[in-house]
Amino acid sequence: MKYSKEVMDLYQNPKNIGSLDENDANVGTSVVGAPSCGDVIKLQIKVDENGCISDAKFKAFGCGAAIASSALITDWVQGKNLEEAKNIKNKDVAEHLSLPPVKLHCSVLAEEAVSKAIEDYQSKQKNLNKKII
Amino acid sequence: MIYLDYQATTPCDQRVLDKMLPYFCEIYGNPHSSTHVMGEEAADAVEKARAQVADIISAENPKDIIFTSGATEANNLAIQGIAHFYKERGNRIITSVIEHPCVLETCKALAREGFDVVFVPVLSNGIIDLDSFKKAITSETILASIMTVNNEIGTCQPIDEIGKLCHERGIIFHTDAAQAIGKIPVNVKNIDLMSISGHKIYGPKGIGALYINGKERLRVSPLFHGGRQERGMRSGTLPTPLCVGIGAACEIAAKEMREEYTRLVAFKSYFLRQIFDNLPKVYLNGDRDKSIPGCINLSFDGVEGEGIMLGMRDICVSSGSACSSQTLEPSYVLKSLSIREDLAHSSIRIGFGRFTTQEEIEYTASKIIETVRKLRKMSPIWND
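Keeping their order, the protein sequence lines are chains A and B. Just so it is clear: in the first sequence, position 40 is 21 by the numbering used here, and no numbers are missing. With positions in the second sequence counted from 1, the corresponding number in the numbering used here is that position plus 69.
In short, the hints are calculated from the structure, not lab data. One should not assume that every hint holds.
Stated by the list, open to error - Derived coverage of chain B by chain A (criterion: at least 3 residues anywhere in the stretch with Cβ under 8 Å from a Cβ of chain A; other residues may be distant):
no.	segment
1	375 to 389
2	410 to 418
3	438 to 448
Just so it is clear, CB atoms sit at the ideal spot from N, CA and C, and this is done for glycine as well.
The following block holds chain A by itself, in its conformation from the complex:
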């Protein structure tokens, strides 16, 4: 597969690899994809008291495009509030990385990972508020 320099750089020196504490109420976690399909992304965000994403980490089982897409999107979401983070579209990721058509699903998966992590964070917060009440 012929990849762009952007993909190769992110594959060789991927940023934001790792995990955050899943039990932390301020952390949202998502796992998207399936091993049987050859792509799994686990993505986590940490939200600060101002509602902004202060940290994001990922782990990926997949090809270069999956790794690069996750590394890029975890970089982009940091410092953004949840609405802004939701507005990052797979098209932006694919364009930035010049992904070949056959690899577009990797950027779709990365977008899905962010939105599911936000959902997870929000549902955790909702449950927390219920408990307080």
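Chain A is already provided as a structure; the job is to place chain B on it using the hints.
Frame of chain A, contents of chain B only:
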């Protein structure tokens, strides 16, 4: 750059190229022009090549060899040609699920024409399930096609046994031997048709051959019509330099096979020891013993095949993962082994050959170990 993809293709041996060169600009006569000296010289070269090809498969009569454009054409000619020529005899064709796409797709095309095609499964070690094969045989069966050596996992199929089985029941037996020639001894004793490729044996691309058993007076319907070259079964002017090339490649391969085999066996055992000693949960796809030594297919739990290849761009290997194919489907050969689906995505094939060195193998093993360790650290489905 290290080339370890010898199942995909091989470099042309310089000795082969040297033999070919005079037939481009000096002895350029049409080998079918028997009326003048230039034609005769070209014809002599083609006939010598035919004999060299016949020799490596122990075919008694060189006339039983037909030159084609490659193994794909040879397989098409054999399977379509027999099916069409002998369609009055019966309707059933038996093949296996791990054949090369040029066999599978040819059989599927025949199925669309109305032939009854059975795709026999393989056991988990990649060897054909003989019981299923036997059960598939009916009085309607006219042809069976089973490859000699698989191109993805290197397993050697029991073609002698299958050939005997076929002959007891009056079935014509074809084998695609593209991956076997020059690697293991191959003999057409129990075989009716055999496909051969030039570029898999250090010869040129664009040439192959089909052995058709002359003693049984077998015929195949031609794929295309023309000047009735190759006894009417394959029209078209023969490419003299390419014929000379595949002939020379066969002669060298036959001479050096034993020595090469021994060398590759040592490479394989060294390489596997390095990998298994340094990485847990690595699985060999296929059969460690019933396979050619130059083809190693491994699955690395927790990491994806294309991801591994990207980490070692200075080494040319191939992968069975969906990500490295245009169809986004993992290898059908690996799927047929009933391995875990994620492991089909986690595979790479390492192919050793004539020009592989011990240093290259040592470097590749250490690079794979390093890359897999790095990728496992970032894998959500791997726990140390």
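Hints versus structure:
{"no.": "1", "hint": "375 to 389", "result": "holds (count 4)"}
{"no.": "2", "hint": "410 to 418", "result": "holds (count 3)"}
{"no.": "3", "hint": "438 to 448", "result": "holds (count 3)"}
When the structure is compared with the earlier hints, no violation turns up for any of them.
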